[in-house]
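Student: Protein chains in written order, with this note's numbering: chain A, 4 to 185; chain B, 3 to 164.
It cannot be assumed that every hint is accurate.
[Stated by the list, open to error] Cβ-Cβ distance ranges computed for the label pairs, FRET-style:
#1 B/H135 / A/K78: 19 to 27 Å
#2 A/L15 / B/P139: 14 to 22 Å
#3 B/G42 / A/P159: 56 to 64 Å
#4 B/Q77 / A/Q102: 27 to 35 Å
[As the list claims (entries may be wrong)] Partial pick of chain A residues on the chain B-facing surface, computed with a CB cut under 7 Å:
#5 D59
#6 N109
#7 N113
#8 I116
Honestly, the hints are just simulated from the structure, not real lab data. From the three backbone atoms N, C-alpha and C, an ideal C-beta is built for every residue, glycine too.
The residues making up each chain are set out below.
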Amino acid sequence: MKALVWEGANELAVRQVPDPQMRNEQDIIVRVRRTVTCGSDLHLLGGYIPFMERGDVLGHEFLGDVVEVGPQVRKHKVGDRVVVCSFVSCGKCWYCQHQQFSLCDNGNTNPMITENVWGAAPGGCYGYSHALGGFAGSHAEYIRVPYADQGAFTVPDEVPRRRVGHQTERGQALVAVGAEPA
Amino acid sequence: MRWLIGGAVVVGGVLVARRLLGGSGRSDEHWQQGPARRRGPQWHVATVNRPASDVAPGGRLPEPLAGLGDAVEVQLRPAAGDRGTEIAVRLRDGARLPVATAARRVTGRDPEQAIRAALRESKQLIETSEVLHPDYPPTTEPTPMNKPLRMATQQGRREGRL
Numbered sequence: 004m005k006a007l008v009w010e011g012a013n014e015l016a017v018r019q020v021p022d023p024q025m026r027n028e029q030d031i032i033v034r035v036r037r038t039v040t041c042g043s044d045l046h047l048l049g050g051y052i053p054f055m056e057r058g059d060v061l062g063h064e065f066l067g068d069v070v071e072v073g074p075q076v077r078k079h080k081v082g083d084r085v086v087v088c089s090f091v092s093c094g095k096c097w098y099c100q101h102q103q104f105s106l107c108d109n110g111n112t113n114p115m116i117t118e119n120v121w122g123a124a125p126g127g128c129y130g131y132s133h134a135l136g137g138f139a140g141s142h143a144e145y146i147r148v149p150y151a152d153q154g155a156f157t158v159p160d161e162v163p164r165r166r167v168g169h170q171t172e173r174g175q176a177l178v179a180v181g182a183e184p185a
Numbered sequence: 003m004r005w006l007i008g009g010a011v012v013v014g015g016v017l018v019a020r021r022l023l024g025g026s027g028r029s030d031e032h033w034q035q036g037p038a039r040r041r042g043p044q045w046h047v048a049t050v051n052r053p054a055s056d057v058a059p060g061g062r063l064p065e066p067l068a069g070l071g072d073a074v075e076v077q078l079r080p081a082a083g084d085r086g087t088e089i090a091v092r093l094r095d096g097a098r099l100p101v102a103t104a105a106r107r108v109t110g111r112d113p114e115q116a117i118r119a120a121l122r123e124s125k126q127l128i129e130t131s132e133v134l135h136p137d138y139p140p141t142t143e144p145t146p147m148n149k150p151l152r153m154a155t156q157q158g159r160r161e162g163r164l
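Model the full assembly from the supplied sequences, consistent with the hints where possible.
Tutor: Below, the structure is given as structure tokens:
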């Protein structure tokens, strides 16, 4: 598939990269229909977060269609249109149960990096460096979404795709419906 | 800008190397004990957001911890602040010189690292019923600049969160 990848400080490129694969039973694969650039992507783009590798796919705010569903996913089916929270959170740990999803204990597959550098590990985040799990981002044709029942939310059919915006506050996805992007 | 990133990568590499060579204990322990002294077995603790009856139903520990067998001592106790259950694990014969520990870590045969990995996997299995895997296949490619990061990532997936 095609993806927008980080090649180095202030260097981006559209490259062919491997398609994402299902890795856990609570995963879904989403075909990305809308993906936006967040201001925090500039930190990565400029090289201020030194945990990027050449070829990392950027993007963590997106909307798309479900094309593959893991056997433990209960809330989604193939064809659903979903908007996905930027942070990978399990919904089961103490932090998630207290709605502090960006601090999820289980969503970051590289917790040791941030434990050493920041003193504690946050959850994982799509397209936001290997310090936050190394998950591929949404500036791509497809993306893997772990813990899909927790982090993906179905968008009603009556809402036009172009009228769905995306914002994330403290690890919670907010869907703005209304104003159409220019 | 390249020199800035290069410097940051080197600093990051040094931090990780210091952590790896210094063992998994807190840095102030080195100050108190001295780096060359033989250290006693260290407790590794993970807090699981479940009651003890879910952590070890019928006294059976989750598979990653049970797999460590009699080589480790395990304690369960209520976590502070009503946060579930603490699982504490240590080697029964864990006293080793730091240099021996560092050598084992570098070669990937550190039993303390195995404990940390087992604790982390057990916590995930109890709370979410599966161990979260990183994306595969990767979209990245190895370069001289990201070699330290790749080494750190390899280590970070084996432990952390303790």
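Student: Hint by hint, say whether it matches the structure.
Tutor: How the hints compare with the structure:
1. B/H135 / A/K78: 19 to 27 Å: holds, 21 Å
2. A/L15 / B/P139: 14 to 22 Å: For B/P139 against A/L15, whose Cβ atoms are near 21 Å apart, the range 14 to 22 Å holds.
3. B/G42 / A/P159: 56 to 64 Å: holds, 60 Å
4. B/Q77 / A/Q102: 27 to 35 Å: holds, 31 Å
5. D59: At 6 Å from the nearest chain B Cβ, A/D59 passes the 7 Å test, so the hint holds.
6. N109: holds, 5 Å
7. N113: holds, 4 Å
8. I116: holds, 5 Å
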